[in-house]
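*Asks:* For reference, the chains in residue letters:
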Amino acid sequence: MNWEQQLELQAWVDGELSAGDARRVSAFADAHADARALVTELRMAKAFIAPNEFEVKVPDTREFYWSQVQRRIESAESVRETSPALSWPFVWRRLVSPLSGVALVAFLAVVSFNTFRGPAIEDGSRHMVEVENLSDDVGSISYRSQSENMFVVYLYKKDQDNEAQAEPMDDSFFQ
Amino acid sequence: MSHSLFSRRTARCLLALLLLTGSTVESFAANLRLEAKLIWGTNDEKSPDPAHKEVDAATKEKLRNVFKWKNYFAVNRVTKPVPSRGSNHFKLSDECTIEIKELEGPTVEVKLIGKGKEVHKTTLTISKGQSVVYSGDDKNQSAWFVVITELGEK
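Sequence order for the protein chains is A and B. So in this note's numbering, spot 45 of the first sequence is number 45, and the numbers just go up one at a time. So in this note's numbering, spot 2 of the second sequence is number 2, and the numbers just go up one at a time.
Source of the hints: derived by calculation from the structure; they are not laboratory data. There could be a bad hint or two in this list.
For lysine-lysine, the following DSBU-like pairs were computed, each having C-alpha atoms within a straight-line distance of at most 30 Å [what the hints assert, rightly or not]:
1. A:K158 <-> B:K68
2. B:K111 <-> B:K53
3. A:K157 <-> B:K111
Pulled out of the complex, with its shape left as it was, chain A reads as follows (with noise of 0.2 Å):
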C-alpha cells in the first residue's frame, strides 16, 4: 500500500470523499487487510481526539464582532483620509525653506563676489601696473593722475632722451 492509497483512506475515514471515491476506497480496504488494519487504527485514533479538541468561541455574537472590525477599518481609513491635509504653518514652513536655502546661497554668492572682486581692486592690484617698452628706440615715462582717473604713458624717441631729462617733465610736456 502506498502513501496516496493511505491519505485516500484517510480521507474516507474523516468523511472527506465523494459518494463514487468513497465506494472505490471502500472496496479497495475490503480487499486487503493492511488497509483494513489502518482504517480500524484511524477510526480508533479519531475516537480519541475528537472529543477531546479544543474549541475556542468569540465570547460576542457573529453580527457584534464583524461590526466591530468593520468600524475600526472605517477609522483607520478616515484617519489616513484627513492626514494629507496640511496646515498653513506646515504649507509656509514647506515655501519657505527652499527659499531660504536660495537666499543663503545668494548671499554666499554675493559676499565672496565682493570679497575676491571688490576690495582686491582697491587694495592693491588696482594700482599695480606693469609697463613695457619693447622698441629699443623709444623710451617711456608714465604717470598717474588720480584727480583725472587717467594712467598716462608719454613716449620719446631714445634720441631726446637727454632732452626730456634735462627739462622738468611740467614745463615740457604735462601741466
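Since the structure of chain A is provided, determine the placement of chain B on it from the hints.
*Replies:* Same frame as chain A, now just chain B:
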C-alpha cells in the same frame, strides 16, 4: 514622505545653486567694451585738417587738467568689445594700432603698435571711467594722444 520632500528640496536648492553659479560665472566672464580715441593736442585754435573735430567738453577738460595744450581735436574713434580672455585690435590710423587683451581679473594688457612694430606694453587694472592715455610729441609743439576708456561690460 519626509524622504521624498527632502529629495525635492535638495533638488530645488541644487538647481538654484546651479543657476546662481552660472550667472556668477557669466558676470565674471563678461566682455569689456572699450573706446580708443586718437586725439591731436595743440595750442592753435583750429586744426589744419577740417576733418578734425574738437573733442567733447568733458574730454577736453580732463586733458587740459593733465596736459599743457589748450585745444584737443579728435582724429579717430574706435569702440569695440574685448572678449573675456581674448583680445582685439583698434586701428586708429595707418600707422597706429592698439591691441588690447583681457587678462584674468579686471586687468588688461594694452599694446601700442606703430608702423607695424610693437612699441610699448602696459598691463594694468582698468575700471569703468578710467582712462589709459598714450602720448607723444608731434610737429610744431603739438602732441598726439591715444585715450583708451572702458565704457563698461557688454
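*Asks:* Is it true that the CA of K158 of chain A sits at most 30 Å from the CA of K68 of chain B?
*Replies:* holds (22 Å)
*Asks:* Taken at face value, is the distance from the CA of K53 of chain B to the CA of K111 of chain B at most 30 Å?
*Replies:* holds (26 Å)
*Asks:* Are K157 of chain A and K111 of chain B close enough, with their CA atoms no more than 30 Å apart?
*Replies:* holds (17 Å)
The structure meets every hint from the earlier list without exception.
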